[in-house]
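Chemist: Each chain is listed here by its residues.
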Amino acid sequence: MDAILLQILNGLDKGSAYALIALGLTLIFGTLGVVNFAHGALFMIGAFCAVTLQKLLNLSFVTLDETQKDFLGNPLKVETPYIEAWFGPEVGATIIDWSVPLSILFAIPIMLLVGYVMERGLIKHFYKRPHADQILVTFGLAIVLQEIVKYFFGANPIQTPPPDVLSGSVDLGTMVGFDPNAIIYPIWRLVYFGFAVGIIGAVFSFLQFTTFGMVVRAGMADRETVGLLGINIDRRFTIMFGIAAGVAGLAGVMYGPINPPNYHMGMDFLVLSFVVVVVGGMGSLPGAVLAGFLLGILESFASTTWATTTIPGINQIIIYLVAIIVLLTRPRGLMGRKGVMEE
Amino acid sequence: MLGLNKKDTSLLIVVAFLTLLAPFILNPFPEGSAMAQFNAGYPDLMQRFVIFGIFAIGFNILFGLTGYLSFGHAAFLGVGSYSAVWMFKLLSYNVIPAIALSVVVAGLFSLLIGFISLRRSGIYFSILTLAFAQMSFALAYSVLSNPKFNLTNGETGLQVYADDPQILQGANAPDLPHLFGLPMRATYTMDVGAWSFDFNAGYYLCAIIMMIVFYLSIRIFRSPFGMMLRAVKSNQQRMNYTGLNSKPYTLAAFVISGMYAGLAGGLMAAMDPLAGAERMQWTASGEVVLMTILGGTGTLIGPVLGAGFIKYFENIFSKINDNVLHSWFAFLPDGLEDAVVFVIHPFIGKGWHLTLGILFMLVVIYLPGGLVEGGQRLLKRFKRKKKDTDDAPSGKTEPAE
Chain E
-10 MDAILLQILN GLDKGSAYAL IALGLTLIFG TLGVVNFAHG ALFMIGAFCA VTLQKLLNLS
50 FVTLDETQKD FLGNPLKVET PYIEAWFGPE VGATIIDWSV PLSILFAIPI MLLVGYVMER
110 GLIKHFYKRP HADQILVTFG LAIVLQEIVK YFFGANPIQT PPPDVLSGSV DLGTMVGFDP
170 NAIIYPIWRL VYFGFAVGII GAVFSFLQFT TFGMVVRAGM ADRETVGLLG INIDRRFTIM
230 FGIAAGVAGL AGVMYGPINP PNYHMGMDFL VLSFVVVVVG GMGSLPGAVL AGFLLGILES
290 FASTTWATTT IPGINQIIIY LVAIIVLLTR PRGLMGRKGV MEE
Chain H
0 MLGLNKKDTS LLIVVAFLTL LAPFILNPFP EGSAMAQFNA GYPDLMQRFV IFGIFAIGFN
60 ILFGLTGYLS FGHAAFLGVG SYSAVWMFKL LSYNVIPAIA LSVVVAGLFS LLIGFISLRR
120 SGIYFSILTL AFAQMSFALA YSVLSNPKFN LTNGETGLQV YADDPQILQG ANAPDLPHLF
180 GLPMRATYTM DVGAWSFDFN AGYYLCAIIM MIVFYLSIRI FRSPFGMMLR AVKSNQQRMN
240 YTGLNSKPYT LAAFVISGMY AGLAGGLMAA MDPLAGAERM QWTASGEVVL MTILGGTGTL
300 IGPVLGAGFI KYFENIFSKI NDNVLHSWFA FLPDGLEDAV VFVIHPFIGK GWHLTLGILF
360 MLVVIYLPGG LVEGGQRLLK RFKRKKKDTD DAPSGKTEPA E
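As given, the protein sequences belong to chains E and H, one line each in that order. Letter 117 of the first sequence, counting from 1, is numbered 106 in our numbering, and no numbers are missing. Letter 223 of the second sequence, counting from 1, is numbered 222 in our numbering, and no numbers are missing.
Note that these hints are calculated values from the structure, not bench results. Note that the structure is a prediction, hence the values are computed from the model and not measured. We put the CB at the ideal spot given by N, CA and C, even for glycine. Worth double-checking, as some hints may not be accurate.
[Stated by the list, open to error] When the alpha-carbon atoms are kept at most 27 Å apart in a straight line, the in silico DSSO-like pairs for lysine-lysine are as follows:
#	chain 1	residue 1	chain 2	residue 2
1	H	LYS6	H	LYS384
2	E	LYS113	H	LYS232
3	E	LYS139	H	LYS384
4	H	LYS318	E	LYS139
5	H	LYS349	H	LYS6
6	H	LYS246	H	LYS232
7	H	LYS384	E	LYS117
8	E	LYS44	H	LYS88
[To be verified] Under 10 Å between C-beta atoms, here's a sample of chain E residues computed to sit facing chain H:
#	residue
9	PHE60
10	GLY129
11	VAL260
12	PRO301
Using the sequences and the hints, build the whole thing.
Modeler: So, in structure tokens, the structure goes:
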């Protein structure tokens, strides 16, 4: 029992990332009808927003400390981040420590802007072109974004540690009556899960309970009619693209402490997120979220020693296998609707 | 000739001419001169030109004719490489059985994948093939290389070891891939004045095979079967309404292009008896899509051009470094020179992929027909200036919906 619970928990963090990326992908499918192969790159840019902020906060000036000597007897060089000099050492250190959560504030405007520019500058011109062209141009864009990041940040993963308070593990088992040490879980992953649930909730309530969201939903159902009613649906869809980019970016920001960001992390997630979208049902937002969590948990179950000794390497291929089975038995995916992206 | 019309015959002859004389054509600059770095006439690179040419020709039969965008073709290339190396391990270093097996295995593998993937079309098809290719990559990389059942040798890559059976290997046969005793690495170097030209056995094997498969692809393009595939591309629904089952046709196209990919993989292993899982990764599949698009989808010569273009510039761009740039722009004033080098720097050397990505986007946006279309447009403009005639009405008719 505790083992099952542990695997479910283990699947949640990856599942959250899948769900968030797939949610953004589906939003773009549903609104603009565009297949965005650059969505993984947006996830990666989000993660590098956190890296950038961390680097900015750690900008330091060097002073000579006469009281300390290094092994040659010269005064020791001490690096002090500017932030500590401005706000005092304690506040400064806390700000640096909390750089990843703070990056959320930093990433939101950047991601919205990136999404807006991408849609207006490039994707807009591809509405009428075949899906193959959309796939190809966004694939090219993904390569370009990835290489730009690689140029500035190098090819190696960059550590972005979580705040000290949130970096340990917590023994969840004792809280619900299992033996101590049965279910030990890193706090940050819980935070990530909570964060993902929050974002997903926010997106859904935005679509469900605001007038703007209502218009967008109407546009997803029948774009032409909404346009005929005198509503500028294109502008709203552009904003939705920005929001989708923001969701992917935030997923990336918070994922840094789980897996140090490197320039190709987006591509790694992209393929799986597409599979998630297809399994969930193209154009279905709840389907994308559900499939994201389901596949994340399934992957974690397949990674147990029991599963890998029975069928070696099952953890590597389980998601693809499931996707193939789902597509062949339920071609519209788990929650796909009739008539949405049938072709 | 050979059942081709006049235009296709001349195209085939031009291609044959270019591939057979490639060692001359690709080495226009004398050895040791400043321009020698633009030479591409060394065996390794020429082999890559034709092998990727074969790969792209095959991909074009699927994508160019039927419009089905497969994002998993590298899987067939990888399977072909693995089966060729297994042939080296089990039988002998002779390349004929290796290449034959790689084509057959890739064909069977693509039959399986095509049968499943072709149940869907459009984006679903792309994603299904992508999923299959990633799955094959994962299988090759880790799953099939456990000690109990080592089919792919995982991260190290599959290679021939001294204790492999090689039951047909003769006592005095060369200890590397050969064609009935003629080693693939055998190179005859001809020196003419300051120039030197390399004639490599492996390259000529690949070149001849490429000409054969290029001929086959022309025949496919011109056959009733090819017409059927084009009809599938332009409007599959209408095809189905006329009571025709298009699945066997698309499946046949998929298998043929899979066999082309397997052939390319087998040749790759024949040139260098090593097969690694990274050949199957989806970036490799993206590369062949790039080549086909860049050259011109649905045209005969386009994929070959695209493959040559990408492989050539990959090689050249990766070699250029800051010192070379400084020597090029030495005529500029110092400050300006540094500025120019600074601007170009991200795009060369390791930045080749950035250049490739930008180029690819530009082609998709502005020149969906690729290099071939670009050439045709230039030609048209040139002719128009000469004759100064008005635009003739285009003979294209829009289908009634």
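Chemist: A separate judgement is required for each hint: does it hold in the structure or not?
Modeler: Structure-based check of each hint:
For a cut-off of 27 Å, the pair hint linking LYS6(H) to LYS384(H) stands: about 25 Å separates their Cα positions. With a C-alpha separation of about 25 Å, the suggested pair LYS113(E) and LYS232(H) falls inside the 27 Å cut-off, and the hint holds. Distance hint between LYS139(E) and LYS384(H) is unfulfilled; the C-alpha atoms sit about 46 Å from each other, more than 27 Å. Of the pairs offered as hints, the one joining LYS318(H) and LYS139(E) holds, with about 19 Å between alpha carbons and a cut-off of 27 Å not exceeded.
Our distance criterion of 27 Å between C-alpha atoms is broken by LYS349(H) and LYS6(H), whose separation comes to about 41 Å. Of the pairs offered as hints, the one joining LYS246(H) and LYS232(H) holds, with about 12 Å between alpha carbons and a cut-off of 27 Å not exceeded. Distance restraint check for LYS384(H) and LYS117(E): the Cα-Cα separation of roughly 33 Å exceeds the 27 Å cut-off, and the hinted pair is therefore not satisfied. For the given pair, LYS44(E) sits about 52 Å from LYS88(H) by alpha-carbon distance, which is inconsistent with the 27 Å threshold.
For PHE60(E), the shortest C-beta to C-beta distance to chain H is roughly 37 Å, which exceeds 10 Å, and the interface hint is violated. This hint holds: GLY129(E) has a C-beta 4 Å from the nearest C-beta of chain H, less than the 10 Å allowed. This hint holds: VAL260(E) has a C-beta 6 Å from the nearest C-beta of chain H, less than the 10 Å allowed. With a least beta-carbon distance of about 5 Å to chain H, the hint placing PRO301(E) at the interface is held under the 10 Å criterion.
The structure fails to meet hints 3, 5, 7, 8, 9 from the earlier list, while all remaining hints are met.
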